[in-house]
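J.: The whole structure should be built from the sequences, with the hints applied where relevant.
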Amino acid sequence: MTRRVIDRFGRKRGNLIPILQNVQKELGYLPSQTMAEIARFLDTHEIDVYGVVTFYNQFRLNPPGKHSIRVCLGTACHMKGGYITLDAWKRRLKIDRGQTTPDREFDLDTVACVGCCVMAPVTVVDDKPEGQVEPTKVDGILLAFGREKEKR
Amino acid sequence: MKTGQPKAATFDEIKRQAEARWQELQGAKAVIMVGAATCGRAAGALEVLRAFKSELKKQNLDCPVFVVGCMGHCYAEPIVVISKPPHPPIVYQQVNAVIARRLVKEFILGDDPCLEFVLGALEASELVPSLADFPRAQFEQKIILKNCGFIDPEDIEHYVANGGYAALAKALQITPEKVIAEVKESGLRGRGGAGFSAGEKWQICRDTAAKTKYVICNGDEGDPGAFMDRAILESDPHSVIEGMLIAGYAVGAQQGYIYVRAEYPLAAHRTQIALRQAKKLNLLGKNILGSDFSFDIKLFEGSGAFVCGEESALIASLEGKAGTPSHRPPYPAVSGLYGQPTLINNVKTLAFIRHIIDKGAKWFAAIGTKDSPGTAVFALAGKVVSTGLIEVPMGTTLRQVVFDVGSGIPKGKSFKAVQIGGPSGGCLPESALDLPIDFDSLTQAGAMMGSGGMIVLDEEDCMVEIARYFLEFTQRESCGKCTFCRLGTRQMLETLGEFTKGKGEIKDLDTLTELAEDIKAGSLCGLGRTAPNPILTNLRYFRDEYEAHILEGRCPALMCQELIAYYIIPEKCELTCDACVGTCTVEAISSHPKKRYKIIDQEKCVKCGTCLTSCPPQYNAIIKLSPPEVPKSK
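Residue numbers (the numbering used here), protein chains in the order written: chain A, 1 to 152; chain B, 1 to 634.
Some hints could be false.
Unchecked claim - Here are the simulated BS3-like cross-link-like pairs (lysine-lysine), alpha carbons at most 30 angstroms apart as the crow flies: (1) B:K359 <-> B:K184; (2) A:K94 <-> B:K595; (3) A:K137 <-> B:K413; (4) A:K12 <-> B:K280; (5) B:K280 <-> B:K211; (6) B:K607 <-> A:K137; (7) B:K29 <-> B:K58; (8) B:K632 <-> B:K607; (9) B:K84 <-> B:K142; (10) B:K15 <-> A:K137; (11) B:K359 <-> B:K370; (12) A:K94 <-> B:K607; (13) B:K298 <-> A:K128; (14) A:K25 <-> B:K280; (15) B:K58 <-> A:K90; (16) A:K90 <-> B:K280; (17) A:K128 <-> B:K58; (18) B:K359 <-> B:K286; (19) B:K321 <-> B:K170; (20) B:K411 <-> A:K137; (21) B:K321 <-> B:K298; (22) B:K624 <-> B:K595; (23) A:K90 <-> B:K624; (24) A:K12 <-> A:K94; (25) B:K57 <-> A:K128; (26) B:K29 <-> B:K15; (27) A:K94 <-> B:K624; (28) A:K137 <-> B:K211; (29) B:K321 <-> A:K12; (30) B:K279 <-> B:K142; (31) B:K146 <-> B:K53.
Hints listed in this document are in silico derivations from the structure and should not be mistaken for laboratory results.
T.: Set out below in structure tokens:
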């Protein structure tokens, strides 16, 4: 899998970040074997790849949940209670930011700003920005997921 | 490129074809445009789009529906424009699937424009007021946002038919030196924040002899609360590409990169489509429009690091390294990407270029103020009625922006401050509202033009908390290279954190000021050099709030969670109502066993404020107390 993605790129150091992005798109995260493989491919040290991966917020070292919850903490969201929304997610999912629920259904994280400041406070649920997410809407979103699960 | 004579169309041919298609569209019986930039999508624009399409199919109507970008009236999203002559094009606000179906049945099929959903019209008419007659339109002047929301960003012909790529064709007819002279004469200053003269930058890059040169478009709009670049890339990506092409021609570059933030997938997607379409028409690639000029552009997606908005860090990131800034000089215009001369301009700066080439430097220089010509684009958000994307001439006052363009503060609350420039800027109080907006006056007041995020704060926003918020942001995003930035911001953050809990001492304020100066002096890049700005301006204008936190353990804005408590006034509580009991997310509210009024269990309360919003306005029984001393229940 990793190989297939890597082979689309040239062996140029400048391609490191696009390679990492594409591998993560496939696998959902960057396992250590993969990082080692990428380092070999680009003829660089593993530590360099690891250094880049941990520098950027986008890359993750552990597998994500089935649904991703990203609470926006941009200025407008924060001032309109984004931190309260984050608390609500933490309370309901019983995990902290950067973690995944034990059943691997949800992972919770924050994002600096998704640029939908007008809809503050925003939570990005599975790539879809949801506006005005207050604690009651958190419950609503989770309820919708519960129903979806039952349907299946 | 294939050998032999390529079938390169001349610009006139491309233009003719695009205009013919555009005319055809205008001549259609009815056209529907759905605003679907990220903010429109968040409000449900895609469902609206689907509803239109399915209803048209159901009614067997052949009416073109296409997606446009952001018109700037974000408070009214999702926005739909329906143009059905002889009616003027009408803008509908807060459209949902039900309204969409109704519009098809009653307006497209019938002839009732459903005025109850209207925001305004795009042309003057007796039917509905025109958007141009809105108070905000008196203060706005749209140059780079002109196309946004009115053309399909995924269709190059829409752009060409609206004057697009004419500036490129014009530039290719004159010498690069002349192009640079024009940009210099216009007085255009970089819109990334610092406001360096764009023409000067181009000249330096042109004058540096090298075989390979690069042009980079900086779309790493990291400031929380800013979304201008996103909106432009999502709504009018070709204007940025055209600006890059002209820049590439002027400085003698062959390769360009558009660096888009990781958090903007839609902007990246639309830019990618635009690049492909431009290539197809030979507006990008080898021998552009039959000239000797060859230029290619690649899209590069960032990976989520605020510091990459700094040009030397951005270059490191493009080279596949961790984005840490390096010492300048040498500036990138002399030695940038892979050691070659590199021109880096912000999205908005590049978007201005085509207008300057098209209409001339004099036209541009006449707009705005003498030292900051042109317009300023702001993302207006926070506690303001008409949130959205605005473009005003430089020199407009902050008061006009907040109260005239933004229509003031909602819910009858009073204005407290306006935050400009994100984590590098500051909060300006009422007394600074009459400042004209330009690069220099904002810096003098302690804020900064920055990239253009503008957040309005009202009486319920705590100034200590907002300073702490920005420090938390810069502290997390500090790349760690410079000691003062790495450790200094952490120290400041800890001190501010104590304040929001009502701890700390008055003398800490002086330590903070001292520390701020040291961080400014001891940091390499803009992140560290401007990180203390929010706290410095805050101390200058809102010192009393800090004192209230430290000395009285009280948060005057009732925001800091550790310093407030929610309390239900027994006399006001309606005994038969239990709105708060049902909505409380942690089941902390119960009835008094005998007297039936509601009581909040302070131990359980998480201070989310849901009860406050759920308490019916006719009772209005819940209040916030600070300091958090709740009267004992009887």
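J.: State for each hint whether it applies.
T.: Hint check:
Taking the CA atoms of K359 of chain B and K184 of chain B, the gap is near 14 angstroms; set against the 30 angstroms cutoff, the hint holds. Between K94 of chain A and K595 of chain B the CA atoms are separated by roughly 35 angstroms; this puts the pair beyond 30 angstroms, and the hint is violated. For the hint pairing K137 of chain A with K413 of chain B, the CA-to-CA distance comes to about 25 angstroms; that is within 30 angstroms, so the pair holds. With a C-alpha separation of about 27 angstroms, the suggested pair K12 of chain A and K280 of chain B falls inside the 30 angstroms cut-off, and the hint holds.
Only pairs whose Cα atoms come within 30 angstroms are accepted, and K280 of chain B paired with K211 of chain B is accepted, the gap being roughly 27 angstroms. With a CA separation close to 16 angstroms, the supplied pair K607 of chain B and K137 of chain A stays within the 30 angstroms bound. Of the pairs offered as hints, the one joining K29 of chain B and K58 of chain B holds, with about 18 angstroms between alpha carbons and a cut-off of 30 angstroms not exceeded. Between K632 of chain B and K607 of chain B, the direct Cα distance comes to roughly 18 angstroms. Compliance with the 30 angstroms bound is thereby established for this hinted pair.
For the given pair, K84 of chain B sits about 25 angstroms from K142 of chain B by alpha-carbon distance, which is consistent with the 30 angstroms threshold. Between K15 of chain B and K137 of chain A, the direct Cα distance comes to roughly 49 angstroms. Violation of the 30 angstroms bound is thereby established for this hinted pair. Note on K359 of chain B and K370 of chain B: the hinted pairing holds, with a Cα-Cα distance of about 18 angstroms set against a maximum of 30 angstroms. Of the pairs offered as hints, the one joining K94 of chain A and K607 of chain B holds, with about 18 angstroms between alpha carbons and a cut-off of 30 angstroms not exceeded.
With a C-alpha separation of about 26 angstroms, the suggested pairing of K298 of chain B with K128 of chain A holds against the 30 angstroms cut-off. For the hint pairing K25 of chain A with K280 of chain B, the CA-to-CA distance comes to about 28 angstroms; that is within 30 angstroms, so the pair holds. The hinted pair formed by K58 of chain B and K90 of chain A fails the criterion: a straight-line CA distance of about 44 angstroms is larger than 30 angstroms. The straight-line distance between the Cα atoms of K90 of chain A and K280 of chain B is roughly 49 angstroms, outside the 30 angstroms bound, and the hint therefore fails.
Note on K128 of chain A and K58 of chain B: the hinted pairing holds, with a Cα-Cα distance of about 28 angstroms set against a maximum of 30 angstroms. Between K359 of chain B and K286 of chain B the CA atoms are separated by roughly 27 angstroms; this keeps the pair inside 30 angstroms, and the hint holds. This hinted pair does not check out: K321 of chain B and K170 of chain B have alpha carbons roughly 38 angstroms apart, beyond 30 angstroms. Straight-line distance between C-alpha atoms of K411 of chain B and K137 of chain A comes to about 22 angstroms, which keeps the hinted pair within the 30 angstroms bound.
Proximity of K321 of chain B to K298 of chain B is assessed by CA-CA distance (about 18 angstroms); at most 30 angstroms being required, the pair is judged to hold. Taken as a hint, the K624 of chain B and K595 of chain B pair is honoured in the structure, with Cα atoms around 22 angstroms apart against an allowance of 30 angstroms. Note on K90 of chain A and K624 of chain B: the hinted pairing holds, with a Cα-Cα distance of about 24 angstroms set against a maximum of 30 angstroms. Note on K12 of chain A and K94 of chain A: the hinted pairing is violated, with a Cα-Cα distance of about 43 angstroms set against a maximum of 30 angstroms.
With a C-alpha separation of about 27 angstroms, the suggested pair K57 of chain B and K128 of chain A falls inside the 30 angstroms cut-off, and the hint holds. At roughly 24 angstroms between alpha-carbon atoms, K29 of chain B and K15 of chain B fall within 30 angstroms of each other, so this suggested pair holds. Distance restraint check for K94 of chain A and K624 of chain B: the Cα-Cα separation of roughly 27 angstroms lies within the 30 angstroms cut-off, and the hinted pair is therefore satisfied. Proposed proximity of K137 of chain A and K211 of chain B is contradicted: the alpha carbons are some 57 angstroms apart, above 30 angstroms.
For the suggested pair K321 of chain B and K12 of chain A, the alpha carbons sit about 12 angstroms apart, so the restraint of at most 30 angstroms is met. Proposed proximity of K279 of chain B and K142 of chain B is supported: the alpha carbons are some 28 angstroms apart, at most 30 angstroms. A distance of roughly 27 angstroms separates the Cα atoms of K146 of chain B and K53 of chain B; the hinted pair therefore holds under the 30 angstroms criterion.
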